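Asks: Could you use the hints to bring the two separately framed chains together as a complex?
If you read the sequences in order, they're chains A and B. One point on numbering: in the numbering used here, the residue at position 63 of the first sequence is 63, and numbering is uninterrupted. Just add 1000 to wherever you are in the second sequence, counting from 1, and you've got the numbering used here.
Worth flagging that the hints you see were computed from the coordinates, not collected in a lab. Being a predicted model, the structure only gives us computed values, none of them experimental. Positions of the beta carbon are idealized from the N, C-alpha and C atoms, including for glycine. Possibly wrong hints are sitting among the right ones.
Claimed, not checked - Just so you have them, the derived chain B footprint on chain A, three or more residues with Cβ under 8 Å:
id, stretch
1, 44-56
2, 67-78
3, 102-108
Claimed, not checked - Label-pair distances were calculated between CB atoms; the ranges are:
id, chain 1, residue 1, chain 2, residue 2, range
4, B, E1045, A, S80, 31 to 37 Å
5, A, N18, B, A1077, 48 to 54 Å
6, B, E1015, A, I51, 29 to 35 Å
7, B, S1052, A, T20, 37 to 43 Å
Claimed, not checked - In silico negatives: residues of chain A with every beta carbon more than 10 Å from chain B:
id, residue
8, T20
9, N28
10, A31
11, G63
12, T112
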Amino acid sequence: DGGITQSPKYLFRKEGQNVTLSCEQNLNHDAMYWYRQDPGQGLRLIYYSQIVNDFQKGDIAEGYSVSREKKESFPLTVTSAQKNPTAFYLCASSKGTGYEQYFGPGTRLTVT
Amino acid sequence: EDQVTQSPEALRLQEGESSSLNCSYTVSGLRGLFWYRQDPGKGPEFLFTLYSAGEEKEKERLKATLTKKESFLHITAPKPEDSATYLCAVSGEETSGSRLTFGEGTQLTVNP
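Next up, chain B with everything else stripped away, as it sits in the complex (with noise of 0.2 Å):
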C-alpha cells in the first residue's frame, strides 16, 4: 500500500525567509510524484510531476526535489501570497488503476 508522510503539519516563515516543506514516500514503483497548492475554499492547484530520482523542476520562488524516499519543496524568498496548503501525492505501480495517495499537507504561513 503507497503511503504519504508530510511534515512539518503547519509552517509560519517572514517574509523573505527560505525553508522547505518533507514529502516521505513509500510505494512500490513509483509512477510520479505531484506536488499541488490549495488555498483556503478551493480547489487544489497543481504545481509539479516528477518521475525519478534527481529530478528537479523549478516555477517562480518554488522548486521540488525528488530522491528514492522523500521530496522537498523549497521555497526561497517566500511572499505573503505563498501562504496555502502544500499537498504531495503519489501514483505507484501497483496501486490499482489511475489513482493517486496524498498526504495531509503542509499549512504554509508567511507573515509581511
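One chain only, chain A, in its complex shape (with noise of 0.2 Å):
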C-alpha cells in the first residue's frame, strides 16, 4: 500500500533537546511538507521541499530545521530555539504544484 508514514506517533521530550520527527513517502511525489496544529486551529506551513536536496522556509520556520536528501524522507528536527514546541506535527506529500496533498498520521510532541 503507498502511503506516508510518521513515527512516533506520540513523542515525549524535556525542555531544552532538539527532536527529530521522522516522515517516509512511497508515494514517488517530488513534494513533501511539515505543518504544525495547534488545538482548535487550522495548518500552519513550517518547512517544503518540492525535490531533493531543496527546501525551502515556510511561515513559522524559527527553531525547526530539515533536510532531503532520499526522495523519500522529511525529517523535521525540532530544536530547543523552538519556543513553544508542544503541538500535533503532520507531514504531506505531493506530486507537486497544483496537485493535491497527501497527508500522514501524525505525530503529536509534547514538550515539559
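Replies: Next up, the structure:
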C-alpha cells in the first residue's frame, strides 16, 4: 500500500532537547511538507521541499530544521530554540504544484 | 496573497438533515481547490480537487461545487460518521512553489 508514515505517534521530550520527527513516503512524490496544528487551529506550514536536496521555509520556520537527502524522506528537527514546541505535527506529500497533498497520521509532541 | 475563509466555524445537524459548508477564496489564478476531512487526532484525508468554475465532484453523501469566488461542500442526508472537521485549501498561480493555503475548517457534528 502506498502512503505516508510518521513515527512515532506520540513523543515526549524535556525542555532544552532537540527532537527529530520522521516522515517517509512511498508514493514517488517529488514534494513534501511539514505542518504544525495547535488545538482548534488551522494548519501552519513549517517547511516544504519540492525536490531532493532543496527546501524552503514556510510561515513558522523559526526553531525548526529539515533535510531532504532522499526523495522518500523528509525529517523535521524541533530544536531547543522553538519556544512553544508542544503540538500536533503533520507531514504531507504531493506530485507538485497544483496537485493535492496527502497527509500522514501525525506525531503528537509534548515537551515539558 | 491567497486567502481562504470557511463558514460556519461549527455546524450541528440531525442525522438526515442536509446542509452545505462554504469556502470563500481569494487567489490570483486558481490552480486548484481542495477539500479534506480530518478526524480528531488524525491527519487530513483528501476528498476532492476542483480546478475550474462550474466543476462538481461527488463521493457518497458529499458533493463539492466551485464558482469563481467560493466552493460549497454539500452533505446530503448526513450520518453520525460524517462528523469531522472539513478543511478547504487553494493553490494559486502566484503562490510560491507547491504550497497550499488552508482555511481554519468547519467542525461538523451529526447527531443520531
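Asks: The structure should be examined with respect to each hint, and the outcome stated for every one.
Replies: Each hint, compared with the structure:
1. 44-56: holds (count 4)
2. 67-78: Three-residue rule not met by the stretch 67-78 of chain A, so violated; n is 0.
3. 102-108: It holds: at least three residues are needed, and the stretch 102-108 of chain A offers 6 whose Cβ sits within less than 8 Å of chain B.
4. E1045(B) x S80(A): 31 to 37 Å: holds (33 Å)
5. N18(A) x A1077(B): 48 to 54 Å: holds (50 Å)
6. E1015(B) x I51(A): 29 to 35 Å: violated (47 Å)
7. S1052(B) x T20(A): 37 to 43 Å: About 41 Å separates the Cβ atoms of S1052(B) and T20(A), which means 37 to 43 Å holds.
8. T20: holds (19 Å)
9. N28: Its Cβ never comes within 10 Å of chain B, the nearest being 15 Å, so this holds.
10. A31: violated (5 Å)
11. G63: holds (19 Å)
12. T112: T112(A) is indeed farther than 10 Å from all Cβ atoms of chain B, at 20 Å.
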